[in-house]
Every structure is written in C-alpha cells, then in structure tokens.
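Chains as they are written, first to last, in my numbering: chain Y, 1 to 350; chain V, 1 to 315; chain U, 1 to 281.
Possibly wrong hints are sitting among the right ones.
Derived pair list, reagent style DSSO-like, types lysine-lysine, alpha-carbon separation capped at 30 angstroms [to be verified]: (1) V:K93 <-> V:K7; (2) U:K113 <-> U:K90; (3) Y:K83 <-> U:K144; (4) U:K73 <-> Y:K83; (5) Y:K295 <-> V:K49; (6) Y:K266 <-> U:K28; (7) V:K140 <-> Y:K31; (8) U:K25 <-> Y:K115; (9) V:K93 <-> V:K112.
Because the hints were derived from the structure by calculation, they are not lab data.
The lines below spell out each chain.
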Amino acid sequence: MKFITIDKKDWAKGIEKSRKSYRLFGPVKDKNGFLIKSLEKDMMPDMTGHDSVMSVKSVLFPQSEKMLTTSLDEGQEDHHIMKMVKTDPTPRAVIGIRPYDARAVQLVKLNFDTKEYRDPYWCDAYEATTFIGLGINRPGPFDFSTSAGSGPFAEEGLDVLLADLDDTFLAKVLTDKGEAFTEACGFYNTAGDKESQVLFDVLRKEAEKTIDSTIETDKLKEKTILELHEAPFWDDIAFSCINCGTCTYVCPTCWCFDIQDETKQKSSVRFRNWDTCMSPLFTRHATGHNPRETKVQRVRQRFMHKLKYFLDKYDQGIMCVGCGRCVKSCPVNIDIREVARTMNTYEKQD
Amino acid sequence: MDACINKIRELSFKLLESGEVERVIGFANGTIPMATSPVMIHSKQEVEKLVFNSTCGLNLANYVRNQKGKIAVIAKGCDTRNIVNHIVENQVKRDQLYIIGVPCTGMIDKSKIASLFDDEIIQFSEEGESLTVTSALTEKQLKKQDYLRENCRLCLHRNPVIYDALAADLVPEQTLDNPYPDVKKIEAMDPDTKWRHFQELTQNCIRCYACRNACPLCYCPTCFVDESGPQWVGKGQDTTDVNTFHFLRAFHCGGRCTDCGACVEACPMDINVREFTRKLNKDSFELFGWEAGLDSNKRPPLDVYSPNDPNGFIK
Amino acid sequence: MENPYLPYPVRIDDIEIATEDKSLKTFKFVFLNPKDEEKFSYHAGQFAELSIPGVGEIPIGIASSPVEKGFVKFTVFRTGVVTSYLHNMKVGDIMGIRGPLGNWYPWDKLANKNVVIIGGGFAFTTLRSSIIYMLDPANRPRFKNIDVVYGARSPGMLLYGEELYEWEKRDDINMHITVDGTDDPNWKYHKGFVPQIVEQNAPKADEDTYAIICGPPIMIKFTQPALTQLGYKPHQIIMSLENRMKCGIGMCGRCNIGKELVCKDGPVFTLDQINQTPKEY
C-alpha cells in the first residue's frame, strides 16, 4: 500500500500516457446526465464527482454481448458446431468509479464466479479491469451507501482510491493492479504514509457525516422468507409500478440476463442481453404457465431478492450498495428505502 | 393549488364514505424532491395522502383498466382525453369511473430545472406560479411558466373534456397559431439530417420500456417487441432493433396519442420520445381534422372508413 | 474452467415418436467427440440444455440412464419455438448439449431404503433414468423394495410402453401402471387417476421409505394428500421441479423460487424444502 500525489496539471497527461496499455472507461457528460462510456481519443473522465445515470456494470457486463457463433452452412466442415467468441484480453481501466459501484462489482462477482461454474465473459473482463475510484467529498441526497455496506471513501473492490484535494489528487494505491496503472500513467510522487492515511480518514469522516439518507435492514435476517413473502403490504407498494426495466438496468447489482439466438443468412450468433424480472415474460413457461404473472408478484420478487434472498444466500449484506439510482430514475418514485423500512418493521399478526 | 388539493380530498372523502366508489386513484407526495407517486387509496382515512401540483406529470389513465368495482380517478386535461380513448376502445366503461377533473396550467420540466444546478436538488416547493428550488450550493426562484414541459407549452386542451366533478375552476385555453413548431423543424430537414437526428435521439435508449409502460395507450397483452412466435424485433441493442421499437410504437399510437408527455416523464435517459408521435398527431390533425380523445362517440381515423378520406388510393 | 455456455456437439442418432398423438418424441444423441461423453457423466435426476444454434435452448430431463453407455436420450414435448424446431429435425442433424446440469435424486440417502416412484404424463423421463439405474444388477442390491405408480391419459400416451411392460413382469420391482381411461378390452393394468392408485397401492410410509414424485402441477396437488395420508413426512417426499430457464448454471437469475435456483440448487427438492419457499414455480 502506498500513497501518491498527483498534481491536477499533470493528470490529463498521465491518463493519456496510460492509453498505451489500457482501454479507458469513465463517466462522461452526455445530453442530460453523466454516462459511463468508453473513452475515445481526447475524451477525459469527468472527475467532478457527479452521479452517473447508469452504473459501471456495463464495462464488465455490456447490455448486449456476443457469446457464441455458428456457421449454418452445411458445406462447411464444422457447421452447426458452436464456437466461443473470444473475450478481449486488453487491460481496461475504469477511472472515476464511485466506491459503491466497486462494492457492487464484488457482489456481482459472487454470481458469475462460483465454485461450480465460471462465466468466462464476465470473469475475463473482471480480471482485465483496474478500478480507479474517486472518493466522494460531498455525497448527494440519493447516496445511502453507508447503511448499505459501502461509503463515500470505502475501499472494497478498488485498486486505487483517489481523494480530490482541490489542486491535487491523493491516490491510495491498494493493489498490484492499481500500482501497475499509476506506473503506466507515470505518477510517481509518493506521499508520506501516515499523513496521507490521516487525510483520508478525515475526508471519509466528513463525507460520511453528511449522509443522512439510510436504508433500514437490521431486522431482515431474523425474519423468515415466507413471512415476508406472504405479508400484506405488497399490493400497496406495487400499485404504482409500471413494470418497466428502469430500476434493474440502472442498478449496479442487478445481473439477470436473457440469452437469444439470431441468424443472418448462413451464420448465427448467440448473445446475451440484460433482462429484467419486472418483465411479464421473465418467468413465462413455453406452455403459457407463468409463476409470476401479476405485477405485484414481480415487484415483490425484486425487493425480496435484493433485501432477503441475497442476504440469506450469501451472507454478505443486502444486494444493494446505496447508490440511489433506482430512487432517482424510477418513473413512479418507488423508493427501496421505504420498502426496506416496511419489510424491516413488519411484525406478523397471528 | 391548495384549494384544488382540498377539493380533491373533500370529493374523495365523500365518495369513499358514501361507498359510491371503492377506491380513489390519485397522486401522493414522493420521497424525493420534485416527485409525486401514483397511489390508490381504499378508505376515507387515507384522503390526506392525496396531493396535486406541477410535478404530477404522469397519466393516471394508465391505471384505470381492469379494475373491479367503481373507482374515482384524478385526471388533468390530457388524462381525461385518454380516458375517452379507453371508452372508445372498450377498455373501460364510463359508469365504472368517477372522474375528478383538474384544469391544468401545465407540468414542469424536471430535467430542465435540474440542469440549472451543478449538484443535486434537495428541496422543491411551489407557490402559485413561482417555484423555489434549492440545492446544497444554491437556491433559485423560478417562474413556472418559464419551465413548463414542451407538451404543456403547446397544449390546447388544459381543461378536462369529460368529468363528474371539477377540483378547480376552468382555465382559459391557449390558442396557438403554430401548434407544431417542433415537428415543422424536423420536417424541414433533408433526409440524411433527419435520419441522423433520429439516430442521435435514440442512441442512449436502454430498452427499459418505461415509455411504453407509462403510456395509457399501450395495453396490448403481448407487445410486438415481446412476441416470440414469430419474433418480430430483436432484443439486443442493435440500432435497427431500437429504432424499430420506437418507430413502430409511434405508429401504433397514431391518431390515439394525446401528447400527455408521460413517456418523456418516465424515460430515465431523458429521451424526447414524443418526437415520434408528434408527427403522427400533426398528420392526424391536418389530414383528418382529428384530435384524439375529445368525443367518446367517434373512433380514430386509422380505425374507421369515411367516404371523405383524403387518401388517393380509396378513390 | 471450461466455458459453461459452450455446448458439446452431438448428432441425432435416432428419433422415436413417443406418444400416439405425436406430441412427444424421444431423441437419441451421440457425442461427436468421445471425450465429451466422458465429461458428460451424469446421475439419474439431472437435466441438460438441448442447444440448437440459431434457434435457442431448452432444459430437458435426461431420460437415458447413467448405466446406458454410448448415447444419451431425451423425450421432448412440442410446445414452443425450440421444441417445434427440434421435432422437425432429422436423424444425422447436428446440434449441441450443455450439461449435465442441476442436482440429482439423492441416491446416497436412498441406499437401503424402499423407494416409491410416482410419475404422471410426460414427466416420467428422469424416472425412467432412475428405474434403469436401480434395476441394473450392480445397483439393485443397494435398494430394498421398489414400487412404481405411473399413469397417463390413455395407453397410447404412456411413455416407454415396451419397457414398462417388461418391468411389470419382473419380480424385483412392483409396477402399478394406470390410465385415466381406455376402451381397450385387453388393457391388463389399472384404470384411474394417479392419486387414487397411489392411495390404493403405494406402501405405507415408515422410516425406511421414500417417495420420488414427478408430474404436472395438478397431479402433484392431488397426490400429496394421498401420500400424507399414507404417513409420508415432507422430508420423505422428493420432487423434481421445472421453471423457465436460460443459462441453466445459476447465473441468469430467472428460475429462482425464493433463494433457491431451480437449475442449480434443484431441480430435485424435498417437500420439506419446498414448504419453506414461496411457491413461484
């Protein structure tokens, strides 16, 4: 672990230098908000700390991703035999990621990298990616990360954590990958360990103090799945929901996907797309039977998954990092903090 | 606005108490600034939840189908036109609804207001025609009329066209010499520019279908994008598929859209999806003299045969 | 680790029409690479994703038994896009299989126990796999009594008819074959719904008896009370569930019932486990 001081005047030059060995990604101002984009030539990541509408998950898990290709041409020897689309091994760096998004990546990793199976597309992308985080000095009103297992200066999942000190960035290099990136940028000015850590602690405490938004989850573990599932409050919560996919697509911890095959003349591609449990088609069997055919069942599924099933299954806290994107983007203002409170305070009447 | 809210609550209380309706669908305060949330209340004790202000930008006609028993619904001018549409299309019976009409002076453009600030808005309040918007760094006093949504600025039907009771006095309707300036601007582009314009418009679309789901017109049990036997549209992010969704949905709404703006309000990527339907609204008006949702006895032009059809092929 | 989305290439070696209304066909697949067959070593109760490039994939229970070498068999009901396409394919066509996936019937727990197998309609596929596995001379001594109740709408709708009648003649297995109804005067076996036949013929429960039940939701709904009446406790009733699946490996998130994923934590569950989860299947 070491600390590096980066004069902001040297920042752009350093980032440009890193392009020699990394593909860069970061938040960029778009028409009405900030989006995570691949940084083409001359594009710099926005380091002003604005929230991005979409999360970083698209760097490792693109909305639409090719998995297998097949030739359907019976004249070819290997016709109808599916082949893997090779993953891109080029190192990537995501710059300016919020600490809660880095924790989200770790939670999603529990899904794609298991004892029995390893998803090569997600895992290869993860191994190739270095996460350069930006500590949030002034968390916005939608940030409730401190009660969701993360925080404005949390380090989980990051390779480097940057603190914005007006004229300079102070970088805390957390891993070998992080070190490799700072070297590729040519950032070498080390700073003293003790003072730097104190600075980080002060910034962290100041930032955490400003967060007054919380998500209440302390009693969820002791309740059973069935009692929460059968609770009477779901109809009220689900009334306004329009079952779009907004919450699931902006959420950094949602990982559900659909697999589709498309053919064009004599070749076919199998690819995966983000999918949403809010869609009526999500669980519809080919026979027409649908275990979650009503809106209220789907809304209940989403919150039960986020706040209870994941909690019980993995024992890593809730499947939410407190980024607030769903709260901000939901067309009908369904608020996960309210739902969590309702679930948390629910006492079953006998 | 407060008088309007009180009237809404008073009417709802009476209706629920007498049992004339079983439930009332309206708006409740949101959990974040500038937000309200559609709500359904079941008892007279809950009427205090109902509010109405310039952030009630969604269309509650979206929630009135498939309801059991008689319900009351709070409806602005455009919302009532969608209710008329539902009646014409047999989605709801007139006697199933008690419509509390709200003459509307427009809804605010939330993104436009948000873009005035460098940080997040933490407080919003409105008093008559003025808005007070606060962030951690600054506070601004704004005039509501300067920050109306585009569809509200061009609105010709602010008063409810069908109602059982009014929550406020009728407001004067606007007269516009040029009701379709936005469409004319695009019509004036050459084909390449036009194509690029629409490509850019949808480049951030994430296929969440919030626009479709917030729209009262989109009630097909299986939307064409969800059909699998045969599959009409790909589900990926190929621009052809994304564009097909938007263009085709606009045509399915042609002659039925009331320009309520719920689609734009719902879109998380702030895409002005109205640009697709506006052209069709203009065509309906200029070719057929038609505006959707004004008369529950008339059917939309794409739905009906008339000997005076201006199209040449019929002659 | 291997790419779990990449199927093993297989060739269709044989197609049999499995029911008189042709809605089910049994497909016999042979692996193009013999090494893939070794990698595909499976247990009775598992399923696989049949993968047709350009069309899609379907999760189907493995009907062949681990003791049958050289091929794998699946019996598929035609109901949607992929199954219809599969039904129109020919011997010699090439496609893919991913698997084996899911957990299997708890053979370890069933050692030295009486096993009652109950199946209905075309849910008998993994049960065939199980029966052949148990009857194999190397395995039969490990189990005590084996009872089977299997019913379908009519004799022509019973799967694996020839094998059923062969097993019926054996003395190391008690077959109770039934049909809902038939006009055939030569029908030698039972007439009646599966729950009835279970009530009348299945052995009473004791500590050493387990029931494996596989069938359409409606059959399960009425068979459960019959088993409860015979004294079976929830932990003695083993069920195999289905749900809509895509990845089959526990990653796409769609087949969950509560916190269990049917493709990975299942599809085999005891009734005890199912009673503690929401019934979203």
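Against the structure, test the hints numbered earlier, and report the numbers of the ones violated in rising order. Of the numbered hints, 2, 3, 8 and 9 do not hold.
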